[in-house]
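Visitor: Chains as they are written, first to last, in my numbering: chain Z, 1 to 479; chain Y, 480 to 574.
Hint data in this document are derived by calculation from the structure and do not stem from the laboratory.
Among the hints, a few may not be true.
Here are the computed lysine-lysine pairs in the DSBU-like style, where the Cα-Cα straight-line distance is at most 35 Å [said to hold, decoys possible]:
#1 Z/Lys336 <-> Y/Lys526
#2 Z/Lys58 <-> Z/Lys28
#3 Y/Lys508 <-> Z/Lys79
#4 Z/Lys237 <-> Y/Lys549
#5 Y/Lys526 <-> Z/Lys450
#6 Z/Lys229 <-> Y/Lys554
#7 Z/Lys30 <-> Z/Lys242
#8 Z/Lys336 <-> Y/Lys569
#9 Z/Lys295 <-> Y/Lys508
#10 Y/Lys569 <-> Z/Lys229
#11 Z/Lys331 <-> Y/Lys569
#12 Y/Lys554 <-> Z/Lys336
#13 Y/Lys529 <-> Z/Lys229
#14 Z/Lys295 <-> Y/Lys492
#15 Z/Lys88 <-> Y/Lys492
#16 Y/Lys508 <-> Z/Lys269
#17 Y/Lys549 <-> Z/Lys59
#18 Z/Lys91 <-> Y/Lys526
#19 Z/Lys141 <-> Y/Lys549
#20 Y/Lys505 <-> Z/Lys237
#21 Z/Lys405 <-> Y/Lys508
#22 Z/Lys141 <-> Z/Lys91
#23 Y/Lys529 <-> Z/Lys331
#24 Z/Lys91 <-> Y/Lys529
#25 Z/Lys88 <-> Y/Lys549
#26 Y/Lys549 <-> Z/Lys295
#27 Y/Lys526 <-> Z/Lys331
#28 Z/Lys382 <-> Y/Lys526
#29 Z/Lys295 <-> Z/Lys405
Quantities reported herein were computed from a predicted structural model and do not represent experimental measurements.
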Amino acid sequence: MSVVRQLKYKIENGELSIVDITKKAIEKAKEKSELNVFITLTEDFALETAHKLDEKVKKGEELKLFGLPVAVKDNINVKGYATTCASKILKGYVSPYNATVVEKLIENGAVIIGKANMDEFAFGSTNETSAFGPVKNPYDKERVPGGSSGGSAVSVAADIVPFALGSDTGGSIRQPAAFCGVVGVKPTYGRVSRYGLVAFGSSLDQIGPFSYDVCGAGLLLEAISGFDKNDSTSVDKLANFKPELRDLKGLKVGVIEEYAEKIEQEDVKEIYYRVLEYLKASGAEIVKLDMPHIKYSIAAYYIVATSEASSNLARFDGVRYGNRVHSDNVKDMYLKTRSEGFGEEAKRRILLGTFALSSGYYDAYYLRALAVRKLIAKDFEKAFSNVDIIFTPATPTTAFKLGEKLDNPLEMYLSDIFTVPVNLAGLPAITLPVDFSKEGLPVGMQFISKWFDEKTMLDVAYTVEDFYKFYEKAGYGKF
Amino acid sequence: MAIDRETVLHIAKLAHIEINEKDVEKFLKQMGEILEYIEQLNEVDIKEVKDSLKSIHEGKVMLREDNPGKSFDRKTVLELAPEVEDIFVKVPPVI
């Protein structure tokens with residue numbers, strides 16, 4: 001049975017109280033401080049919420065998220081606590097409001113225990129660009145957890161919390177989920193409100209869940225979904241995300257053949273083919289897809305994402321909030337505040353985006369990248385006219401060593417090859433941990449659904465999960 | 480394309496970011512490599528794409544009715560500012 005549901009029963013039959021679980025989660029967060037998961041622990045708020053929720057449970061009230069603890073990525077605003085985005089430039093900023101997803105967590109009876117470490121402004125695939133130091137992978141502390149939602153992924157992988165929220169602009173939920181052996185979901189663009197999420201690439205960003213298993217991820221996704229008047233791109237659509245086992249017989253599963261060649265590690269490739277064999281043996285029909293533009297995804301993404309980032313990050317100037325470096329004239333204050341406040345990767349992306357949007361280069365770079373993005377989305381549209389779901393690896397390798405890719409940004413960008421196209425097309429996708437590599441590191445696979453068809457992807461992932469039962473091997477849910 | 484030193488400095492100026500001598504070389508090299516990789520977009524035939532600036536996402540983007548609503552009070556907002564005088568956010572001289 002789902003690990004998250006087991007915890008629910010323990011709460012219901014009085015074996016554990018919400019206060020007990022909350023205290024245990026905070027205790028674990030402190031014990032495992034060498035993993036560097038949290039930038040801020042919201043201990044007082046957590047305990048206060050837990051007490052209130054225990055009262056509600058005693059009165060027989062149903063809590064959609066069962067009173068379970070959750071970690072929130074530190075680019076999502078929680079009222080009364082610092083939002084750092086793992087950057088020095090936001091020093092001193094305490095959020096005066098809750099992000100919509102945070103309101104929804106509270107409404108649905110979750111306990112927020114802390115703000116999770118991340119790559120600075122979500123710029124990175126390793127969590128090494130954080131101004132608060134890197135997060136460590138719990139399976140091997142010499143390795144990265146992935147990024148940018150590394151803290152969120154590890155909060156679940158290290159069994160500190162059963163739930164976490166991250167944000168995914170090019171793979172920032174799915175890649176760390178795969179590197180750390182947890183389930184991560186990037187919802188359809190518009191499924192979840194972005195109000196209160198510090199913007200990186202506004203046309204790509206989505207907030208999504210991490211959990212021990214598919215059931216937990218579905219539950220959290222359902223709780224945070226829905227239209228919000230404060231985010232004009234959010235959509236009002238029915239969301240029932242309770243995963244169910246399904247007969248895979250006749251399910252049309254699309255595969256992108258050239259992707260298999262892009263897997264750099266033999267044991268990852270072997271696991272990919274093993275899952276493919278399992279799908280075939282279960283009666284799924286495997287369909288080879290022709291997606292001529294998908295190979296341009298990384299190139300298009302790094303123009304679109306950095307352009308939007310450079311524009312979104314123009315607001316950090318030391319005037320209204322955050323850190324200010326003092327000077328005797330305003331222009332110099334902007335310059336010094338931004339130069340001292342932003343880390344190297346943030347500067348690199350701002351410069352790249354500013355370049356792509358600047359006079360003389362706008363048509364050649366930005367507009368061209370947008371056109372290619374359209375073609376990639378059309379490739380997916382065509383593919384989905386013939387298949388129910390697309391199956392791909394989640395990452396070309398298992399988690400890399402700390403420092404391995406830090407000096408080679410292009411190489412780091414290329415590690416997002418399987419996740420980036422999904423954001424360009426605005427599609428939903430899930431990464432599911434399946435097995436361990438020879439070195440004992442988690443290996444994940446990805447399922448991509450049609451727009452707003454998260455249900456199919458959750459059902460299929462749930463069925464595959466039921467066969468491999470990674471969460472049992474990982475031993476999650478010890479409270 | 481190869482990006483030159485002047486372009487990097489010009490962009491940095493536009494972005495209000497100061498980069499020192501050592502970093503100019505580094506950014507020059509790294510951005511050059513990234514832009515060279517991005518060159519491959521030129522192979523793609525985009526003649527048929529007519530609506531690149533239109534959102535790829537479903538549905539229409541709706542604007543809210545312009546109704547007055549509750550906002551943060553002045554005190555809350557001013558507390559966030561690095562420097563304040565009376566009821567104003569203070570900045571160094573503009574000219």
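Visitor: So, for every hint listed, does it hold in this structure?
Guide: Comparing the hints with the structure gives:
1. Annotation: proposed proximity of Z/Lys336 to Y/Lys526 is violated, straight-line Cα distance about 43 Å (limit 35 Å).
2. With a CA separation close to 26 Å, the supplied pair Z/Lys58 and Z/Lys28 stays within the 35 Å bound.
3. Annotation: proposed proximity of Y/Lys508 to Z/Lys79 is violated, straight-line Cα distance about 42 Å (limit 35 Å).
4. Proposed proximity of Z/Lys237 and Y/Lys549 is supported: the alpha carbons are some 27 Å apart, at most 35 Å.
5. A distance of roughly 27 Å separates the Cα atoms of Y/Lys526 and Z/Lys450; the hinted pair therefore holds under the 35 Å criterion.
6. A hinted pair counts as satisfied when its Cα atoms are at most 35 Å apart, and Z/Lys229 with Y/Lys554 qualifies at roughly 25 Å.
7. A distance of roughly 32 Å separates the Cα atoms of Z/Lys30 and Z/Lys242; the hinted pair therefore holds under the 35 Å criterion.
8. With a CA separation close to 17 Å, the supplied pair Z/Lys336 and Y/Lys569 stays within the 35 Å bound.
9. Under the criterion of a C-alpha separation no larger than 35 Å, the hint pairing Z/Lys295 with Y/Lys508 is consistent with the structure, at around 24 Å.
10. Our distance criterion of 35 Å between C-alpha atoms is met by Y/Lys569 and Z/Lys229, whose separation comes to about 33 Å.
11. With a C-alpha separation of about 14 Å, the suggested pair Z/Lys331 and Y/Lys569 falls inside the 35 Å cut-off, and the hint holds.
12. A hinted pair counts as satisfied when its Cα atoms are at most 35 Å apart, and Y/Lys554 with Z/Lys336 qualifies at roughly 27 Å.
13. Among the hinted pairs, Y/Lys529 with Z/Lys229 is consistent with the structure: their alpha-carbon atoms are about 30 Å apart, no more than 35 Å.
14. Among the hinted pairs, Z/Lys295 with Y/Lys492 is consistent with the structure: their alpha-carbon atoms are about 33 Å apart, no more than 35 Å.
15. For the hint pairing Z/Lys88 with Y/Lys492, the CA-to-CA distance comes to about 21 Å; that is within 35 Å, so the pair holds.
16. In summary, the hint linking Y/Lys508 to Z/Lys269 is supported, as the alpha carbons are separated by about 33 Å, within the 35 Å threshold.
17. With a C-alpha separation of about 33 Å, the suggested pair Y/Lys549 and Z/Lys59 falls inside the 35 Å cut-off, and the hint holds.
18. About 47 Å separates the Cα atoms of Z/Lys91 and Y/Lys526, which puts this hinted pair outside 35 Å; it is violated.
19. This hinted pair does not check out: Z/Lys141 and Y/Lys549 have alpha carbons roughly 47 Å apart, beyond 35 Å.
20. Between Y/Lys505 and Z/Lys237, the direct Cα distance comes to roughly 47 Å. Violation of the 35 Å bound is thereby established for this hinted pair.
21. Simply put, Z/Lys405 and Y/Lys508 have alpha-carbon atoms about 16 Å apart, close enough for the 35 Å limit, and the pair holds.
22. Among the hinted pairs, Z/Lys141 with Z/Lys91 is consistent with the structure: their alpha-carbon atoms are about 28 Å apart, no more than 35 Å.
23. A distance of roughly 40 Å separates the Cα atoms of Y/Lys529 and Z/Lys331; the hinted pair therefore is violated under the 35 Å criterion.
24. Pair hint Z/Lys91 plus Y/Lys529 does not hold up; C-alpha atoms about 44 Å apart against a cutoff of 35 Å.
25. Simply put, Z/Lys88 and Y/Lys549 have alpha-carbon atoms about 31 Å apart, close enough for the 35 Å limit, and the pair holds.
26. A threshold of 35 Å between alpha carbons decides the hint, and for Y/Lys549 with Z/Lys295 the separation of about 47 Å lies outside it, so the pair is violated.
27. Taken as a hint, the Y/Lys526 and Z/Lys331 pair is broken in the structure, with Cα atoms around 42 Å apart against an allowance of 35 Å.
28. Of the pairs offered as hints, the one joining Z/Lys382 and Y/Lys526 holds, with about 19 Å between alpha carbons and a cut-off of 35 Å not exceeded.
29. For the hint linking Z/Lys295 to Z/Lys405, the alpha-carbon distance of about 21 Å falls within 35 Å, and the restraint holds.
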